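Enquirer: Residues per chain are reported as follows:
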Amino acid sequence: MKKSNTWQFIGIVLLVLVALFVVLNIDHPEWAENLILWRLPDEREITLHKGLDLGGGTQYVLAADAPAGEEIDPATVEAARDVIEARATDLSLSEPVVELRDSGRGIIVQLPDVAESGLVTESLQATGRLEFVNLGILEQGELQMAIGITIETSSSAPPAVDPLQPSMPATTTTPSPAQAPQGYETVLTRDDLSAAFLSETEAGYYLNLRFVPTEEAAARLTAYAQQHAGETLAVVMDSALIGGAPLPQDLTTTDSTGQPGVLSVPIYLLGTRAETAQTVLNSGSLPVPLSIQEKEAIGPTLGQETVQRAGRAALAGLVATFLLLIVHYRLPGLLTAVGLFAFALFCLALCKLIPLPVTMVTLVGFAVAGLACLSGQLNVAERLRTEVRLGRPPHRAVEDALGSASPPIRRAHVALLLISVALWYIGARFSVLPIHRMGTTLLVGTLTSAFVALVFARVVAHLALDGAQPSLSERKWLMGS
Amino acid sequence: MFKIVAQRRWFFIASGILALLSIVALVISTLRFGLPVPLSDDPSSAQAARIAGLAALVVLVMAPLVVWGVFRDAAKAAQYALCTLVILLHNLLVTCGFYALMALVAGWEVDGLALVSTLAVLIFSTYGVFAIFNRLAVNVSARTMEPKTVTASRAVLDVINHSLTARLCAAFVLVAVTISSGPTIRPLAATVLVGLVAETYASLFIAAPLLGAWQGSH
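As given, the protein sequences belong to chains B and E, one line each in that order.
Count the first sequence with the working numbering and you get residues 1 to 481, in order.
Count the second sequence with the working numbering and you get residues 1 to 218, in order.
Incorrect hints may have been included.
Stated by the list, open to error - If you want a taste of the chain E side facing chain B, the calculated C-beta under 7 Å gives, among others:
hint: 1; residue: ALA55
hint: 2; residue: MET62
hint: 3; residue: THR126
hint: 4; residue: THR149
hint: 5; residue: THR165
hint: 6; residue: PHE172
Claimed, not checked - Not everything, but these chain E residues come out facing chain B in the computed CB check (under 10 Å):
hint: 7; residue: ARG50
hint: 8; residue: LEU54
hint: 9; residue: ALA78
hint: 10; residue: LEU85
hint: 11; residue: LEU115
hint: 12; residue: LEU122
hint: 13; residue: ASN139
hint: 14; residue: SER163
hint: 15; residue: ALA166
hint: 16; residue: CYS169
hint: 17; residue: THR178
Claimed, not checked - Footprint (simulated), chain B over chain E, 3 or more residues, beta carbon under 8 Å:
hint: 18; segment: 24-35
hint: 19; segment: 182-194
Calculated from the structure, these hints are not laboratory results.
Computed from a prediction, not measured in an experiment: that's the story for all the values here.
Note that beta-carbon positions come from the ideal geometry of N, C-alpha and C, so glycine has one too.
The whole structure should be built from the sequences, with the hints applied where relevant.
Expert: Put into structure tokens, the structure is as follows:
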């Protein structure tokens, strides 16, 4: 085997070993998981996520917290359903199921088991009421020390939390008589904002609340800052303090065009609390309080037995496929089977690393790409068989076969790539997850298929055939002759 | 040599009968359910069906354009694109007709999986058409003095072996899943299987003869 092919072979072997390491159902070491740099530190795990249809999950039944007998406006419940669906989608990697109960007073949420139970419980039940509150002048570090405690504000009802939980300690300025009985003064509420979003900081340590006030609120905030410069404008969500910053005297709330600009306030939350806040705030406030009434584990929505039988059937079909390839094409067929196995291995590894949840839609996307990979490799196998029959030396036969088969393989894969990008965009644009998922998996599968058909197949063919001239001359049956 | 293009009339007649049966099934399904294929009770099915229709339209527009772009150096590249469109429409019609028939016979309903399976058939049809047209273009450029109908037949014979093998391999898996799985997965597997058979037939016995005859007649 030539030297360049040796290096390519070593590279392929390393790639296969890495893929095997990822795919194996073992407890992967932390140092390996930390290499997944494109994912957040808390999310770096090498595990296969299954969707509800194949893996099942947990079902939560949420009910509106309204007095018994009191009618709840269906539009309100529908709006709550939309908020819950946005939160559920954020919590799970694959499509959740969110639907109204027949009674119209509750919401059923089905999530695959990808999120911590506590995170799900908090995120689904949190109202998401956002307020900006004046805490007065605080010492350095005092705000960070008070994160998480309950704040009574002038606009909120008494929070439904443990009354023994300490409230905000007295500040250096004495609260005015107008403030003390009703709590701290609310400067802005969610209704005063045209947009609010929690995002990670560049340092990746805390969060930033980026918000855009309405025109009226922007003017009010500017005037307020001039009067209360140096006092702490705190961010309170569901009566819990989550962040804040001192008000500058020259606060600018408009951009260069005179329109309200994007303002930013640091949020001092970490870990699960940060995730919950992001999920809750970015999905919007609930129009009616909800609480979890029931929680139970559910099996695959396609049916546990159905999924298992389909899996076994697919495996049997694949075994028959491999047998057909080997019987019909002999050695080139065996090389094709190896390529097909490598395609499946790489796809499964990518599902774990990216991550891509495995649902039926995912499997269909990979199946289409797999069929393209198989067709491409069989094209090469056919040419290879012909070249060897014509008496070409194995090395030359491999290069000639790949040389004539590569252009149509490349063209066809480019076409598939363009179509997959279009599907990905349409699915994202119109929020139709199955089509978005199909586009994503087809994109990943097509790239993997192109790699296997054009690169992997070449290396494996050279490995198998280089230096095999005497054997092939004497054993033509090896090439299916 | 098996003169595929010369005997194209019989292939076109068979394909026409298949398309006609599909149209009849769709018409009867529309009369019975109000839609060509009945949607499931899932509230999101209607919107998903609309978006899937849009996605299918995108594939139907993009695929011929991509074919035209790839084969722009070939003689009469627009004919390649038009033939691609014909093949895709044929496969889409047969797949939807099958689903409509099964809706009438077995009560199948369209859900997200059914839409995805139809898209999968369309996408792989594009790949199948590429394989045969590429071979045809290579043969045409290499054998300029040969009648186009003969060149088209030769292209089919060049690809028929590995094309049928690949599709047979896929059929093994799909037949096994269709037979063994339950009512939730069976419609998906069966639809993809029927689409695969239609795609195989169309790409080998419709696409090349149609293009070869069209190019040979000019």
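Enquirer: Would the stated hint for E:ARG50 survive a check requiring a Cβ distance to chain B of less than 10 Å?
Expert: holds (9 Å)
Enquirer: Please check whether E:ALA78 passes as an interface residue: C-beta within 10 Å of a C-beta belonging to chain B.
Expert: This interface hint is violated because 17 Å lies over the 10 Å limit.
Enquirer: Under 10 Å, Cβ to Cβ, is where E:LEU122 needs to be relative to chain B, so tell me if that hint holds or is violated.
Expert: holds (9 Å)
Enquirer: Identify whether the interface hint at E:MET62 stands, where standing means a beta carbon of chain B within less than 7 Å of its own.
Expert: holds (6 Å)
Enquirer: Taking the least C-beta to C-beta distance, is E:LEU54 closer than 10 Å to chain B?
Expert: Holds, about 6 Å.
Enquirer: Can we keep the E:LEU85 interface hint, with Cβ of chain B closer than 10 Å?
Expert: violated (14 Å)
Enquirer: Closer than 10 Å between Cβ atoms is the bar; does E:THR178 clear it against chain B? Give me holds or violated.
Expert: holds (8 Å)
Enquirer: Verify this for me: three or more residues of the segment 182-194 of chain E with a beta carbon less than 8 Å from a beta carbon of chain B.
Expert: As far as the segment 182-194 of chain E goes, the hint holds, because 7 residues have Cβ atoms under 8 Å from chain B.
Enquirer: Does E:THR149 pass the interface check with chain B, least Cβ-Cβ distance below 7 Å?
Expert: E:THR149 check fails; min Cβ-Cβ to chain B is 22 Å, beyond 7 Å.
Enquirer: Is the hint on E:CYS169 kept, meaning its closest Cβ partner in chain B is under 10 Å away?
Expert: At about 4 Å, which falls below the 10 Å cut-off, the nearest Cβ of chain B leaves the hint on E:CYS169 intact, so it holds.
Enquirer: Quick check on the hint: E:THR165 CB to chain B CB, less than 7 Å?
Expert: Holds, about 6 Å.
Enquirer: Can you verify the interface hint for E:LEU115: is its Cβ closer than 10 Å to any Cβ in chain B?
Expert: holds (7 Å)
The structure shown violates the earlier hints numbered 4, 9, 10, 13, 18.
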